[in-house]
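Quick mapping for you: the protein sequence lines, in order, are chains A and B. Position 408 of the first sequence, counting from 1, maps to 408 under the working numbering, and the rest follow consecutively. So the working numbering is basically just the index in the second sequence, starting at one, shifted up by 518.
Hint data in this document are derived by calculation from the structure and do not stem from the laboratory. Just so you know, even glycine gets a beta-carbon here, dropped at the ideal spot from N, CA and C. Any given hint could turn out to be false.
Partner residues aside, some chain B positions facing chain A, computed with beta carbon under 8 Å [said to hold, decoys possible]: (1) R649; (2) V841; (3) T853; (4) F854; (5) G862; (6) G886.
If you want the ones that stay clear, here's a sample from chain B, every Cβ over 10 Å from chain A, calculated [unchecked claim]: (7) L562; (8) G766; (9) G818.
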Amino acid sequence: MVVDASADDGEARLVVFTTISSATVLGVEGQPVTVEAHVSSGLPGFSIVGLPDTACREARDRVRAALLSSGCQWPQKRVTVNLAPSGVRKVGSGLDLAIALALLVADDQLGVECLDGLAAVGELGLDGTVRGVPGIVPAVDAITADELVVARDVAHLVGLVTDAKVRAVATLHEAVAALAGEDPWPPLPPRPDPDPPTRVPDLADVRGQHAARRALEIAAAGGHHLLMVGPPGAGKTMLARRLPGLLPRLDPAQSLAVTKIHSAAGLSLPSDRLSADPPFRDPHHSTTMVALIGGGAPTLRPGEVSCATHGVLFLDELGEFPPHVLDALRQPLEQGSIRISRAAASVVLPAHFLLVAAMNPCPCGEANRPGYCRCSDRERARYRRRLSGPLLDRFDLRIDVTRPDTNRLLGGEPGASTATVAARVAAARARAAGRGVRCNAELADARLEAATPLDAGATALLDTALRVGSLTARGLTRVRRLALTIADLAGTEAPLTAEHVGMALALRSEPLTRSEAA
Amino acid sequence: MRGADVGFATALASLPKVGPARLARLLDLGEPGEVFERVCTGALGDEPGLVEALGASRADLLASWRHHARAMDPEGLGRLHHDLGIRLLCAADAAYPDAFRTDPEPPRLLWVAGDIGAVRSPAVAIVGARRCTRYGHDVARRFGRELASAGVTVVSGLALGIDAAAHAGVLDVEEAGAPPVGVVGTGLDVVYPRRNAGLWHSVAQCGVLLSEAPPGASAEPWRFPARNRLIAALADIVVVVESTERGGSLYTVDEAMARDVEVRAVPGPVNAPSSAGTNRLLADGAAPALGTGELLESLGVVADVPGGAGRAEQPVYRDPDEVEVLDILTTGSVTFDELAERSGLGLERLGLVTARLQAEGVVQRSGGWYERRG
């Protein structure tokens, strides 16, 4: 607080000025914000400057009501709140608590020393309650402070990501009382019961579908994007839901990154820990471009591709997604991130996901079976055109899933469980790590040839496949990459054999091409 | 048909909503030139035959004809025939096929591209589904090849699928066999379907293309059943290779039965929709078409046909796993999973075997289904 009693004109003019730390969110990163309050004599009024958005500007009304409900005075003076740095847009209601505290100090209702090293993030209710806000995890991650005042219901979550001492309050009154030294800080709420571990469906539930199960295993081990084509009821969704269980658990850095993204997107988070489960996101095909890619106003909120980071993005009914939405996936698929630029700001959102897509082969769903489809050539061609070639190219694994025989559904042997397969995946990933990459999909094309020597049988098979045209030059790289993962899973050393290559060829069909009978 | 009549007759046949029946009534009224003049001037309409053929919308139709006829250039149409190398035949021409002379519903006008001498007896029509399986395709092609090399004319409709396969078989024989006869539903200068363009031109070059539709006529749905009647009329035997329960080739069967032409069907798996129509025909009493030998016998042709085995296969060494997979595939299309379960091979091993068989061209994959070829 600065008290400037200048006596130039013979009349004391009191200028009071305070600051407190807080933060807001842009994209998936927190932006530190210093809240400055300035109270001076003059016509009573209240203004917020420093690029607040609507929700932030409305803080004025919430703070006023909350102060009055908490037994504090509303200063009958001229109040200016500045949100520094003033060039950055501030969004949301998370600055309410900081504004209220700064105001109370500036108005001399609280001692100036109590703001030293203090930060606050939270929204105020009209009755003075303090609430958590979406994006609180990245926001507090950006704050450096000794003490951090947050809402009671997010205290444990915040404690996972911040080094500051967490002060959990349920109401503004509790915070004021503690800062004034009238009451001690309320104790942290009891640790919530540990959330039941998220149950990932087990792979052993899937009967039959040997090829598809193997494809899942390879996708998890090598980070290969997977396209499943098959009629309704073939179990495509069931298979996709079992993929996250095969992926390695997230390491602490990945957990934090995922938690920050999910918090910024306003998704519900486990309250007691950073989740190490790879995320699984399955947006519906009516999803808009902004919801899928990110950039929703006002925070340039992360979209589904970012929420699926370090996990699986499952697009069911791929053919039903609008083509322009699908084509927008190409940048994140290539770079693992996506740059969102708007007039106000530009952010880079992480988008490093494993893409799994499912679709019917044609509108009636039977096109794959010779002699069974009822669709006209035109209908099938129109359906095929919905997927652009470049997008189709991103799928290393393209499998056809057929409806399993009912006898096998009832009587078949259960296959390997998720735990067994996940162990094989981990071993294969350890081999990939020996090449300096997390998985083979990240291996640069230039290094692929050296990493995948072929034995004589493999060379002969690829030769024939290239000659008869069942394999293209572009497909060759992809097949070698797949075969490398297959070899990693089998635990065999280089060179690749004909069986590795043969398996790769079998799992990479040319989906949606019509059987050229004529 | 000669001179100016070609242009006038073509103009009459090109009027909107003129099919075989209405065209016949129009030509019954007199010389084509004279009738065309009456269409243009509107001095037409009370003739009893025409009244019946035009039905309730007679006034509208006549007005529409008059409107269109005035915009036509019969002389230009005549020249067009010359430029395209298309001939127009009617019953008065010596070259008009004899098979049509005795037909209950002969084409009054027949457009011809190629050598009309190719239309001769004995003839077998090979028809079937556009969307066919590899099995149907291979059977049609083999029948086409073997019949042509035995000197039997193969008639078909140049549609996708079975029709195209049959004629592709005929063209396999080249010089040595009977030339192909294609009966199409569009004008001879309108290649339909476009994907068959290559085959279309080959058939016109090696054999003959026939159409009841004037040059420029597009692929209207009603033209195809009418075309099927011509196929039935030209054939001594109609062989249906594959057809669904309500396939278009069953029109050809109906027309064949109306003409007492023998109908044979190729048996298929009972669980395949693509063979439901042919299997039904067999159940209804059609004779099965099991091989070219029986067809030739029924036609009374004595020819030396390699005993049903198709091209002589060279013995290829196969490892036991490949043999096993090929054995499983003889029962029809099978998925990768089912192959794995029935062969007991590991997925890697099976991937290798199928990839090898595919590369050799012995097995093909359509979607998730594996099929044997040939």
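For each hint, the structure was consulted:
1. R649: Interface hint status for B/R649: holds (7 Å vs cutoff 8 Å).
2. V841: violated, 17 Å
3. T853: holds, 5 Å
4. F854: holds, 5 Å
5. G862: At 12 Å from the nearest chain A Cβ, B/G862 fails the 8 Å test, so the hint is violated.
6. G886: holds, 3 Å
7. L562: holds, 39 Å
8. G766: holds, 13 Å
9. G818: Non-interface label stands for B/G818: nearest chain A Cβ at 32 Å, farther than 10 Å.
Checked against the numbered hints given earlier, the structure breaks hints 2, 5 and satisfies all the rest.
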